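Asks: The lines below spell out each chain.
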Amino acid sequence: MKRFRTTPIWAPWFFMGPFLFVFLTFTTYPLFQSIVLAVQQTFGPEYSAFVGLENFRFLLSDPRFWKALKNTAFFASGSICIQLPIALALAMLLNRPSLKGRALFRLVFFAPSLIGMVFVGMIFRLIFEKRTGLLNVVLHSIFPAFDLEFPWLDTYLMPALILAALWMHAGFYMVFFLAALQNVSKDQLEAASIDGAGPWQRFRHVILPAIAPVASFICLLSIIGSFQLFELPYVLLDNTGGPQDRGLTIVMYLYETGFEIGDLGYASAIGWVLALILVGLATIQRTFSRKEEQ
Amino acid sequence: MHFFRTLFERIPPGLAVILFLAIFSGSVLSFKKMTELEDLEMWTFSRNHLPAYKPFIKKWNKEHPDQQFSLSLLNGRALERRLLSGFFSGTPVADAVETVMRTAHHSFAGPIDAIGFRDLTDRLKEEGLMDEINGPSFGPWTNRGRIFGIPHDVHPVLLAYRSDIVEDAGIDVSQIETWDDYFRIMKPLMKDNDGDGRPDRYLINVWDTIGGYLLLLMEQADGQLFDEEGNATIDSPINIKTMATMITWIAGPNRVGLEMKSNYASDYQLMLDGTIVGFFMPDWLIGKLRQNVPGLAGKLKVMPLPAWTPGGRRTAVTGGSVLGFPKASPNFEIAWKLGKQLYLSEELAVNLFETASIITPVKRFWDNPIFDQPEPFLSGQAVGRMLIEQAPDVPTRTSSPYLDLATKHLVNAAGNIKQYAIRNNKFTVEELLPETKRQMQIAQKHVETQMYRNVFLNKPQ
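Chains as they are written, first to last, in the working numbering: chain A, 22 to 315; chain B, 2 to 462.
Careful: at least some of the hints might be erroneous.
[Said to hold, decoys possible] Once the Cα atoms are required to be at most 27 angstroms apart in a straight line, the calculated DSS-like pairs of lysine-lysine come out as: (1) A/LYS91 / B/LYS446; (2) A/LYS88 / B/LYS438; (3) B/LYS341 / B/LYS60.
It is worth saying that the hints were derived from the structure and are not from the lab. Keep in mind it's a predicted model, so treat the numbers as computed, not measured.
Given the sequences, and given the hints that come with them, work out the whole structure.
Replies: Below is the structure:
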């Protein structure tokens, strides 16, 4: 039977129009413009000079870029290797029906993620402050020999950043894991128990495969979030990269280059390299998770 | 019609409400007449300056009904972003903008004719303002020989000290002339009161992480990070020697320095509990402390900064604001008239000193008796007069869009030298000089690499 079109041909375009307009104006155009910028040096739109791949060449030899990349990668691996297992452990703990006050604990662990990153930075700055910081004051009062001036942010800058991010994000990721755990088949768990599987075997062979897609998604989320790290070190380190740039991240360097030095061309080049790194990591992660699923 | 009927039948009520609101609000906005901004605008970043400006603007508006100014307080960073965006796009922003060094310097990163502020050099000369205003105050607003703003202040730096502690110990500060004198005479105050093997008092707030104070001391010693032509001079001999000396203050057995800025409650606590005995006191900090740390009233006194060498400079400079006029403003003449009246008003100079302890750069007002009044917060000292005595001698600063970057590298260098000193147990200036030279050269190279990439300032080597 022949089918007839019941809506005019322009109808889909009419409905998609507003979205397309906004998308093309505020996403596609700036994206292409940033490619143009990456091969230029500019001082506002009126003054620009074509420099070819000079920005990318300079980036390869720029020690501060490599330092920022190294710091960011360290933070990302720290986040994934520490945050996610802790989030999963918390979720498993709070998934136990026998635990009293589960709702309260869930709220307590989730609450830090309701606070903005800027406030987390400010709170941890007060904690790690020399002399008047909470950590040093407490340690000094317990162990009088402990140096009140111990510079946590000079000595353990990256661990401090990872700890602050852990405090903020662990509860957030916990909620995802909790949702995934609640979908694990109870029948399968019971069957495994009847077959004599212990808690570790049940976790390894039943729970983990069941939550793998969610874990994979959280992993990707965490990698992307870590590579975009900006506000936390910016506030914690008072708009510097910290001592010897040990807290400088790629996005901080991009911001400093583009908006403090005013070199938008070089900042665009950094942005594109960051985007390529993220695409690469996402591709690797997807490849691995597909293999797992198969 | 059939299409619309089908459409309405199929639209769920929730979507209908959203669509209605979107269409209604969109229509209201499209038909609403744009409000014309009739007022002239002045922006400032400073909450401290505001109380002094408000009555002035009110008076101006009363006297000039057809040239009404509105005064807006903007966060410093927000002001910078808006101003630079306006400069880059040629969009009119405010007619007069009071801003800080950092913002002005960032606007200097392009060709000279692309700087968004109006070049005031000829105007300042023609109207005699160059002679009327303290010379060194023009430094940060001068780029490639041209001046882009009217300086707001001088910001001479004195040394504040906890007079109660110092006088109780029977120390006479009049014997202090140099930094060596200061540390020698004050050293007995560095006692270990709680028996943990570490002093509980320190003599000065110098630390490797506080770039502003490292720079302040370098400038006091006649050093600069950039010369007048904009070339980086981070590794100049005077900077190297000053840096090596400062490292001996913060590392090793003769350490006298403590990390303390002047922005946070924790800093105020260090002042209050006497952990820090002496600290840098620019004029603006007096007003800030008077407001934020009233508990220090009567416990502080100020003295001229100790010099680096006998007979040397007894002051330094830090911070600074300027009134600039964006080129894109069509109302320059009116804004200039207001700016001149505002910054050259004796009434405002007095008000600014009374409310914020800031000294005017206009030299003819320095005889005003207000500056001789005793300041109860500083144990009755005539601090205005003390600041004015030092004002002509403040170091002349230079401007560069790379100053922030250079300061960051200076901080990195200081941290590396401190680590080197601790690792190798080297705590004298002579021992530290070779490593200091090496680190300062590295900092210089990093900054030059960035500078030489700038095709608009273009100084290839």
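Asks: Taking the hints in turn, state whether each one holds.
Replies: Verification of the supplied hints:
With a CA separation close to 22 angstroms, the supplied pair A/LYS91 and B/LYS446 stays within the 27 angstroms bound. Only pairs whose Cα atoms come within 27 angstroms are accepted, and A/LYS88 paired with B/LYS438 is accepted, the gap being roughly 23 angstroms. Using a Cα cut-off of 27 angstroms, the hinted pair B/LYS341 and B/LYS60 holds, with the two alpha carbons roughly 15 angstroms apart.
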